[in-house]
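Residue strings, one per chain:
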Amino acid sequence: GAGVSQSPRYKVAKRGQDVALRCDPISGHVSLFWYQQALGQGPEFLTYFQNEAQLDKSGLPSDRFFAERPEGSVSTLKIQRTQQEDSAVYLCASSSQSGRLNTGELFFGEGSRLTVL
Amino acid sequence: AQSVTQLDSHVSVSEGTPVLLRCNYSSSYSPSLFWYVQHPNKGLQLLLKYTSAATLVKGINGFEAEFKKSETSFHLTKPSAHMSDAAEYFCVVSDRGYGNNRKLIWGLGTSLAVNP
Chain A
1 GAGVSQSPRY
11 KVAKRGQDVA
21 LRCDPISGHV
31 SLFWYQQALG
41 QGPEFLTYFQ
51 NEAQLDKSGL
61 PSDRFFAERP
71 EGSVSTLKIQ
81 RTQQEDSAVY
91 LCASSSQSGR
101 LNTGELFFGE
111 GSRLTVL
Chain B
1 AQSVTQLDSH
11 VSVSEGTPVL
21 LRCNYSSSYS
31 PSLFWYVQHP
41 NKGLQLLLKY
51 TSAATLVKGI
61 NGFEAEFKKS
71 ETSFHLTKPS
81 AHMSDAAEYF
91 CVVSDRGYGN
101 NRKLIWGLGT
111 SLAVNP
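Line by line, the protein sequences are chains A and B. Residue 117, in my numbering, is where the first sequence stops; the numbers in between run on with no holes. Residue 116, in my numbering, is where the second sequence stops; the numbers in between run on with no holes.
Calculated directly from the structure, the hints in this document are not laboratory data. Even for Gly, the Cβ is constructed at its ideal location relative to N, Cα and C. One or more of the hints may lead you astray.
Quick list of simulated restraints, FRET-style, between CB atoms [claimed, not checked]:
| # | chain 1 | residue 1 | chain 2 | residue 2 | range |
| --- | --- | --- | --- | --- | --- |
| 1 | B | LEU20 | A | GLU44 | 24 to 32 Å |
| 2 | B | PRO40 | A | ARG81 | 50 to 58 Å |
| 3 | B | LEU7 | A | ARG81 | 33 to 41 Å |
| 4 | B | THR72 | A | ARG15 | 24 to 32 Å |
| 5 | A | PRO61 | B | GLY62 | 35 to 43 Å |
| 6 | A | LEU55 | B | SER80 | 23 to 31 Å |
| 7 | A | LEU55 | B | SER14 | 23 to 31 Å |
| 8 | B | GLN45 | A | THR115 | 21 to 29 Å |
In silico EDC-like cross-links for lysine to aspartate or glutamate, where the CA-CA straight-line distance does not exceed 20 Å [claimed, not checked]:
| # | chain 1 | residue 1 | chain 2 | residue 2 |
| --- | --- | --- | --- | --- |
| 9 | A | LYS57 | A | GLU68 |
| 10 | B | LYS103 | A | GLU105 |
| 11 | B | LYS42 | A | ASP63 |
| 12 | A | LYS78 | A | GLU105 |
| 13 | A | LYS78 | A | ASP24 |
| 14 | A | LYS57 | A | GLU71 |
| 15 | A | LYS78 | A | ASP56 |
| 16 | B | LYS49 | B | GLU64 |
| 17 | A | LYS11 | A | GLU52 |
| 18 | B | LYS42 | A | GLU110 |
| 19 | B | LYS103 | A | GLU68 |
| 20 | B | LYS49 | B | GLU66 |
| 21 | A | LYS78 | A | ASP18 |
| 22 | B | LYS58 | B | GLU88 |
| 23 | B | LYS42 | A | GLU68 |
| 24 | B | LYS68 | B | ASP8 |
| 25 | A | LYS11 | A | GLU71 |
| 26 | B | LYS68 | B | ASP85 |
| 27 | B | LYS103 | A | ASP56 |
| 28 | B | LYS42 | A | GLU44 |
| 29 | B | LYS42 | B | GLU88 |
| 30 | A | LYS14 | A | ASP24 |
| 31 | A | LYS78 | A | GLU68 |
| 32 | B | LYS42 | B | ASP85 |
| 33 | A | LYS11 | A | ASP24 |
| 34 | A | LYS14 | A | ASP63 |
| 35 | B | LYS103 | A | GLU44 |
| 36 | B | LYS103 | A | ASP18 |
| 37 | B | LYS49 | B | GLU15 |
| 38 | A | LYS11 | A | GLU105 |
| 39 | A | LYS14 | A | GLU71 |
| 40 | B | LYS58 | A | GLU85 |
Put together the whole structure using the sequences plus the hints.
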């Protein structure tokens, strides 16, 4: 597609519920990033894929968070047993560059706003 | 370790007056630096980037930023603010260190208000 697409745009979950957030990156983009943005804060890195390989998941806050990109295109961020502190906007970004060539120019989706009650 | 400090959390200017959003960074390596803009309920958009070429970088919508190594600064400027510039602005540093993943380190953001 023309840009990075994320769905759902808004999700309200009850505490303890599992959620899945989807990201469709720009076609052909090698790199895919997930970020978490709390209200009034800058984005915080969660995880990074190069094609289907998850090269860095050091930002995932707990083992309740899981991300995958099985075919190197669409990615899903799954949060199990959601807690109130998981409430945030989850941003997906993609880049045509990879690894050491990555100059950091990312294309972002509009985000998925998760509210956990 | 890399870090970014945006010196003002909120900036308010009148339409037609200059904009200055301040950013200082620390980096162990020669950094790449970026400014991103986020309009309400919109995705983040790259305004401009510095990657060791010219120190004065021109971006979209009339914005500029100057890399000053001696001051470890990368302030964002615009000669004349427009109402549509009202948004959240993020200064970002990317390391050029080792490994396959260039992590972006984000500032906390500066909220720009433009008054008529």
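Checked hints:
As the Cβ distance of B/LEU20 to A/GLU44 is approximately 27 Å, the hint placing it in 24 to 32 Å holds. For B/PRO40 and A/ARG81, the hinted distance range of 50 to 58 Å is not satisfied, since their beta carbons lie about 31 Å from each other. Here the CB-CB span from B/LEU7 to A/ARG81 is close to 39 Å, well matched to the stated 33 to 41 Å. For B/THR72 paired with A/ARG15, a C-beta distance near 43 Å fails the hint of 24 to 32 Å.
Between A/PRO61 and B/GLY62, the C-beta spacing of about 38 Å keeps the proposed range 35 to 43 Å intact. For A/LEU55 paired with B/SER80, a C-beta distance near 43 Å fails the hint of 23 to 31 Å. The supplied range of 23 to 31 Å is broken by A/LEU55 and B/SER14, whose beta-carbon atoms lie about 46 Å from each other. For B/GLN45 paired with A/THR115, a C-beta distance near 25 Å keeps the hint of 21 to 29 Å intact.
Proximity of A/LYS57 to A/GLU68 is assessed by CA-CA distance (about 11 Å); at most 20 Å being required, the pair is judged to hold. Distance restraint check for B/LYS103 and A/GLU105: the Cα-Cα separation of roughly 11 Å lies within the 20 Å cut-off, and the hinted pair is therefore satisfied. Proximity of B/LYS42 to A/ASP63 is assessed by CA-CA distance (about 29 Å); at most 20 Å being required, the pair is judged violated. Using a Cα cut-off of 20 Å, the hinted pair A/LYS78 and A/GLU105 is violated, with the two alpha carbons roughly 25 Å apart.
Annotation: proposed proximity of A/LYS78 to A/ASP24 holds, straight-line Cα distance about 15 Å (limit 20 Å). As the CA atoms of A/LYS57 and A/GLU71 are separated by approximately 18 Å, the hinted pair is consistent with the 20 Å bound. In summary, the hint linking A/LYS78 to A/ASP56 is supported, as the alpha carbons are separated by about 16 Å, within the 20 Å threshold. Distance hint between B/LYS49 and B/GLU64 is fulfilled; the C-alpha atoms sit about 10 Å from each other, no more than 20 Å.
At roughly 26 Å between alpha-carbon atoms, A/LYS11 and A/GLU52 are farther apart than 20 Å, so this suggested pair is violated. Straight-line distance between C-alpha atoms of B/LYS42 and A/GLU110 comes to about 5 Å, which keeps the hinted pair within the 20 Å bound. The hinted pair formed by B/LYS103 and A/GLU68 meets the criterion: a straight-line CA distance of about 19 Å does not exceed 20 Å. Among the hinted pairs, B/LYS49 with B/GLU66 is consistent with the structure: their alpha-carbon atoms are about 10 Å apart, no more than 20 Å.
A C-alpha spacing of about 7 Å is found between A/LYS78 and A/ASP18, which places the hinted pair at or below 20 Å, so the restraint holds. Between the alpha carbons of B/LYS58 and B/GLU88 the distance comes to roughly 19 Å, so the proposed pair stays at or under 20 Å and holds. Straight-line distance between C-alpha atoms of B/LYS42 and A/GLU68 comes to about 24 Å, which puts the hinted pair past the 20 Å bound. With a C-alpha separation of about 18 Å, the suggested pairing of B/LYS68 with B/ASP8 holds against the 20 Å cut-off.
Note on A/LYS11 and A/GLU71: the hinted pairing is violated, with a Cα-Cα distance of about 25 Å set against a maximum of 20 Å. Taken as a hint, the B/LYS68 and B/ASP85 pair is broken in the structure, with Cα atoms around 24 Å apart against an allowance of 20 Å. Of the pairs offered as hints, the one joining B/LYS103 and A/ASP56 holds, with about 10 Å between alpha carbons and a cut-off of 20 Å not exceeded. Proposed proximity of B/LYS42 and A/GLU44 is supported: the alpha carbons are some 17 Å apart, at most 20 Å.
For the hint linking B/LYS42 to B/GLU88, the alpha-carbon distance of about 11 Å falls within 20 Å, and the restraint holds. For the hint pairing A/LYS14 with A/ASP24, the CA-to-CA distance comes to about 26 Å; that exceeds 20 Å, so the pair is violated. Only pairs whose Cα atoms come within 20 Å are accepted, and A/LYS78 paired with A/GLU68 is accepted, the gap being roughly 8 Å. Under the criterion of a C-alpha separation no larger than 20 Å, the hint pairing B/LYS42 with B/ASP85 is consistent with the structure, at around 13 Å.
Only pairs whose Cα atoms come within 20 Å are accepted, and A/LYS11 paired with A/ASP24 is accepted, the gap being roughly 17 Å. For the given pair, A/LYS14 sits about 19 Å from A/ASP63 by alpha-carbon distance, which is consistent with the 20 Å threshold. A distance of roughly 10 Å separates the Cα atoms of B/LYS103 and A/GLU44; the hinted pair therefore holds under the 20 Å criterion. About 28 Å separates the Cα atoms of B/LYS103 and A/ASP18, which puts this hinted pair outside 20 Å; it is violated.
Proximity of B/LYS49 to B/GLU15 is assessed by CA-CA distance (about 25 Å); at most 20 Å being required, the pair is judged violated. This hinted pair does not check out: A/LYS11 and A/GLU105 have alpha carbons roughly 28 Å apart, beyond 20 Å. Of the pairs offered as hints, the one joining A/LYS14 and A/GLU71 is violated, with about 31 Å between alpha carbons and a cut-off of 20 Å exceeded. With a CA separation close to 39 Å, the supplied pair B/LYS58 and A/GLU85 exceeds the 20 Å bound.
Hint check: violations occur at hints 2, 4, 6, 7, 11, 12, 17, 23, 25, 26, 30, 36, 37, 38, 39, 40; the rest are consistent with the structure.
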